[in-house]
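Undergrad: So the chains spell out like this:
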Amino acid sequence: MHRSFCLVRKERLELSRLAALEPKSSASTNSATLAQGPEALHPENYSILRRPGLPAATPGRHNARMPRLTALLRRPLPLCLLLGALALLAALNGLAAGPLDLGGADILGSLGLGPAPDPSAAATILQLRLPRVVLGLTVGAALAVSGAAMQGVFRNPLADPGLVGVSSGAALAAVAVIVLGAPLGLAGAPPLIGRWLLPLASFAGAALTTGLVARLSRVEGATQPAQMLLVGLAVNAISGAAIGLLAHVASGSALRALTFWMYGSLGRVGWPEIAATAPAVLLAVLLMPLRGRELNALLLGEAEAAHLGVDVERLKRGLVLLVLLAVGGAVALTGIIAFVGLIVPQLIRLWAGPDHRLLLPASALLGGALLTAADTAARTVAAPLELPIGVLTALIGGPFFIALLLRLRGRGEAW
Amino acid sequence: MKPGMALRADRLRCEAEGRLLLDGVSLELVPGEVHAVLGRNGAGKSTLLRALSGELRPQAGTVQLNGRALAAWTPRQRARQRAVLPQAESLRFGFSVEQVVALGRYACPQHRPEQERDIVLAALRAAGVETLAGRRYPSLSGGERARVQFARVMAQVWEPLPQAEPELGGHARYLLLDEPTASLDLAHQHGCLLQARRFAGAGVGVLAVLHDPNLALRYADRVSVLENGRLTGQGPVREVLTQELLQRTYGLPIELLHTGGEALPVVVAHPREPSLRPPTG
Numbered sequence: 001m002h003r004s005f006c007l008v009r010k011e012r013l014e015l016s017r018l019a020a021l022e023p024k025s026s027a028s029t030n031s032a033t034l035a036q037g038p039e040a041l042h043p044e045n046y047s048i049l050r051r052p053g054l055p056a057a058t059p060g061r062h063n064a065r066m067p068r069l070t071a072l073l074r075r076p077l078p079l080c081l082l083l084g085a086l087a088l089l090a091a092l093n094g095l096a097a098g099p100l101d102l103g104g105a106d107i108l109g110s111l112g113l114g115p116a117p118d119p120s121a122a123a124t125i126l127q128l129r130l131p132r133v134v135l136g137l138t139v140g141a142a143l144a145v146s147g148a149a150m151q152g153v154f155r156n157p158l159a160d161p162g163l164v165g166v167s168s169g170a171a172l173a174a175v176a177v178i179v180l181g182a183p184l185g186l187a188g189a190p191p192l193i194g195r196w197l198l199p200l201a202s203f204a205g206a207a208l209t210t211g212l213v214a215r216l217s218r219v220e221g222a223t224q225p226a227q228m229l230l231v232g233l234a235v236n237a238i239s240g241a242a243i244g245l246l247a248h249v250a251s252g253s254a255l256r257a258l259t260f261w262m263y264g265s266l267g268r269v270g271w272p273e274i275a276a277t278a279p280a281v282l283l284a285v286l287l288m289p290l291r292g293r294e295l296n297a298l299l300l301g302e303a304e305a306a307h308l309g310v311d312v313e314r315l316k317r318g319l320v321l322l323v324l325l326a327v328g329g330a331v332a333l334t335g336i337i338a339f340v341g342l343i344v345p346q347l348i349r350l351w352a353g354p355d356h357r358l359l360l361p362a363s364a365l366l367g368g369a370l371l372t373a374a375d376t377a378a379r380t381v382a383a384p385l386e387l388p389i390g391v392l393t394a395l396i397g398g399p400f401f402i403a404l405l406l407r408l409r410g411r412g413e414a415w
Numbered sequence: 416m417k418p419g420m421a422l423r424a425d426r427l428r429c430e431a432e433g434r435l436l437l438d439g440v441s442l443e444l445v446p447g448e449v450h451a452v453l454g455r456n457g458a459g460k461s462t463l464l465r466a467l468s469g470e471l472r473p474q475a476g477t478v479q480l481n482g483r484a485l486a487a488w489t490p491r492q493r494a495r496q497r498a499v500l501p502q503a504e505s506l507r508f509g510f511s512v513e514q515v516v517a518l519g520r521y522a523c524p525q526h527r528p529e530q531e532r533d534i535v536l537a538a539l540r541a542a543g544v545e546t547l548a549g550r551r552y553p554s555l556s557g558g559e560r561a562r563v564q565f566a567r568v569m570a571q572v573w574e575p576l577p578q579a580e581p582e583l584g585g586h587a588r589y590l591l592l593d594e595p596t597a598s599l600d601l602a603h604q605h606g607c608l609l610q611a612r613r614f615a616g617a618g619v620g621v622l623a624v625l626h627d628p629n630l631a632l633r634y635a636d637r638v639s640v641l642e643n644g645r646l647t648g649q650g651p652v653r654e655v656l657t658q659e660l661l662q663r664t665y666g667l668p669i670e671l672l673h674t675g676g677e678a679l680p681v682v683v684a685h686p687r688e689p690s691l692r693p694p695t696g
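Protein chains in written order, with the working numbering: chain A, 1 to 415; chain B, 416 to 696.
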């Protein structure tokens with residue numbers, strides 16, 4: 001089914017196998033109705049629509065001209081395999097790169113796949129680099145697949161958890177916990193704060209801002225995308241101001257932690273925090289692609305999707321919940337990382353089209369690969385200095401976003 | 416066809432922002448017939464179609480699909496029995512034309528991929544857009560998009576429901592078309608309604624909101640005429656569409672001409688405004 005939907009394949013085009021043009025009739029055709037109709041009803045008359053000079057249906061001709069390899073790589077399975085290999089490559093590169101030069105044998109050995117390397121190499125890989133790689137893959141996948149899902153739900157390629165205020169709401173809640181946690185007496189149990197309070201707070205913050213934005217962007221019962229972006233802008237500004245206010249009253253150590261939330265980093269949390277939050281994020285990442293077919297129908301419009309048999313309200317509620325889980329968790333782990341959710345799905349759409357059954361898993365894989373690679377770059381290009389990864393993604397993503405807008409402008413379409 | 420198979424609206428009343436959109440409108444769409452809905456802009460035609468499709472919940476009155484309240488069917492069951500062509504499309508994502516039509520098969524029992532594809536291509540041919548199958552939807556003209564959307568709704572109710580499902584077994588299908596001819600050229604207007612007739616011939620009940628009484632006369636079995644949310648005429652199209660009713664509905668002097676050899680009269684309007692008259696000698 002996947003194949004037939006996504007790909008126009010030339011060999012399938014034999015018109016001889018076409019079903020008869022007539023819609024299939026039920027057992028009791030009402031021939032009386034037909035008989036009393038006007039004479040123009042004769043089926044031959046419809047041939048006015050089949051202009052004689054034109055060739056038969058040639059849906060495959062665009063693809064036929066493409067070189068074979070690119071055509072192959074637009075297909076779901078090969079593309080996902082390629083992106084999976086890319087993610088694996090980014091992960092291995094992330095494990096190998098750094099001040100301590102480590103090779104393939106050290107990596108395999110540390111992961112228990114070969115003879116044990118010397119303890120310092122193993123510690124570097126298992127305690128310093130592997131957590132970052134796991135974070136990069138998980139958070140990158142979460143942000144990208146959430147972006148793709150939000151763009152589908154809002155039927156707008158500019159929707160992004162960051163732009164509509166979800167990330168900033170999560171960050172505000174987390175910052176509030178960091179800054180106000182000690183005065184309120186929550187500092188008594190540091191592990192608890194680190195592991196559960198922060199993720200829960202950022203989930204709550206994400207839920208609150210999403211609810212707010214969704215509610216304020218409804219005009220006459222329907223979500224208006226333009227309105228949503230404006231409301232998201234305002235919510236971002238308000239959260240930013242509140243974070244600034246908190247920064248003003250924060251102590252020195254809280255201020256450092258706070259900076260991390262604003263610009264993102266994959267190096268702040270270790271295994272305990274990852275173990276507490278990443279499973280929920282991964283679950284959301286795995287569940288979202290199951291809604292691909294419904295999201296495709298939703299792109300036609302909410303009323304149209306309902307006519308096609310999609311339970312639209314349930315679909316939207318479920319997806320927003322999954323996005324909250326993924327983005328709330330991602331922000332709790334790494335802070336705000338801009339533009340991944342916006343740009344990764346666009347790249348996939350430009351390459352392989354808007355079919356969500358491919359778009360969602362492919363975005364997850366590419367998002368994981370890109371964020372892992374970006375993190376490796378962020379900590380190696382200016383070593384021993386580490387660039388904040390949010391700064392890096394915004395530096396690359398901002399211009400890219402402008403290019404997308406310019407491209408959108410002239411075409412009146414959204415990929 | 417079992418008795419009771421129909422899409423039936425009973426005394427619908429719809430309001431929005433204090434305005435009465437529909438007032439006591441009843442309508443029965445029977446499998447195998449084409450039912451036209453006529454009326455001026457804002458008369459409530461689209462509201463009636465939206466209420467019949469379940470998109471709009473009427474303040475009073477009921478809609479029954481094949482003898483059961485519309486809301487009692489699940490969205491998927493409803494989708495297998497009726498397809499709806501909305502007045503405007505808003506798809507801006509770059510699906511191929513073939514993919515758009517395949518979206519129509521969302522709720523249908525899925526066949527093998529080859530068969531699904533055959534149905535999609537046959538629906539494309541039925542709408543006269545088979546040459547566009549590989550094109551990107553956003554690059555099409557307005558009329559081409561309208562025909563692709565028409566192909567999509569035809570694909571949705573292309574086949575009779577399988578008898579294997581006792582709950583839906585043998586239930587009749589319906590096509591609800593909101594101004595299907597609005598952006599089509601003359602040839603495609605007729606092509607579209609011919610296709611609607613064919614579906615009716617195959618046992619599908621077709622409801623079409625139309626603006627051209629000539630198309631209604633030629634292709635519809637029955638007609639409902641709306642004025643300010645109320646029915647002013649309903650019944651067999653040749654009996655209902657009289658000169659008097661058309662004049663009252665459209666507020667124009669109207670003449671029914673019988674041209675040479677044609678059994679059907681042609682509806683011609685004569686606007687009163689002198690500047691709109693053709694120059695006479």
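It cannot be assumed that every hint is accurate.
To be verified - Simulated restraints on C-beta separations:
hint	chain 1	residue 1	chain 2	residue 2	range
1	A	ARG314	B	GLN525	26 to 36 Å
2	B	ARG472	A	ALA275	42 to 52 Å
3	B	SER505	A	ALA275	54 to 64 Å
4	A	LEU287	B	SER441	23 to 33 Å
5	A	GLY211	B	PRO524	48 to 58 Å
Claimed, not checked - So the derived list for chain B, only partly shown, Cβ under 7 Å to chain A, looks like this:
hint	residue
6	ALA486
7	ALA487
8	ARG491
9	TYR665
Said to hold, decoys possible - Covered stretches of chain B, going by a simulated chain A footprint (3 or more residues, C-beta under 8 Å):
hint	stretch
10	423 to 430
11	636 to 649
Just so you know, the hints here were simulated from the structure itself, not pulled from any lab data. Predicted model, so just to flag it, every value in this text is computed and none were measured. All C-beta atoms, glycine included, are put in the ideal place defined by N, C-alpha and C.
Undergrad: Run every hint past the structure and note whether it holds.
TA: How the hints compare with the structure:
One distance hint, 26 to 36 Å for the beta-carbon pair ARG314(A) and GLN525(B), is violated here, with the actual separation near 21 Å. In this structure the hint that ARG472(B) and ALA275(A) lie 42 to 52 Å apart at CB holds, the actual value being about 48 Å. Under the hint 54 to 64 Å, the C-beta atoms of SER505(B) and ALA275(A), about 44 Å apart, miss the expected range. For LEU287(A) paired with SER441(B), a C-beta distance near 45 Å fails the hint of 23 to 33 Å.
Between GLY211(A) and PRO524(B) the beta carbon distance is about 38 Å. The supplied range of 48 to 58 Å is therefore violated. The interface hint given for ALA486(B) is broken, as the beta carbon of that residue sits about 12 Å from the closest beta carbon of chain A, more than 7 Å. Among the interface hints, the one on ALA487(B) is violated; its C-beta lies about 15 Å from the nearest C-beta in chain A, farther than the 7 Å criterion. Residue-level restraint check for ARG491(B) holds (minimum Cβ-Cβ distance to chain A is 4 Å; threshold 7 Å).
Annotation: TYR665(B) was flagged as interfacial toward chain A, and the flag is violated, the nearest CB pair being 23 Å apart, outside 7 Å. Check on the stretch 423 to 430 of chain B: 0 of its residues sit with their Cβ under 8 Å from a Cβ of chain A, so the three-residue criterion for coverage is violated. Counting residues of the stretch 636 to 649 of chain B whose CB lies closer than 8 Å to any CB of chain A gives 1, so the stated coverage by that chain is violated, three being the minimum.
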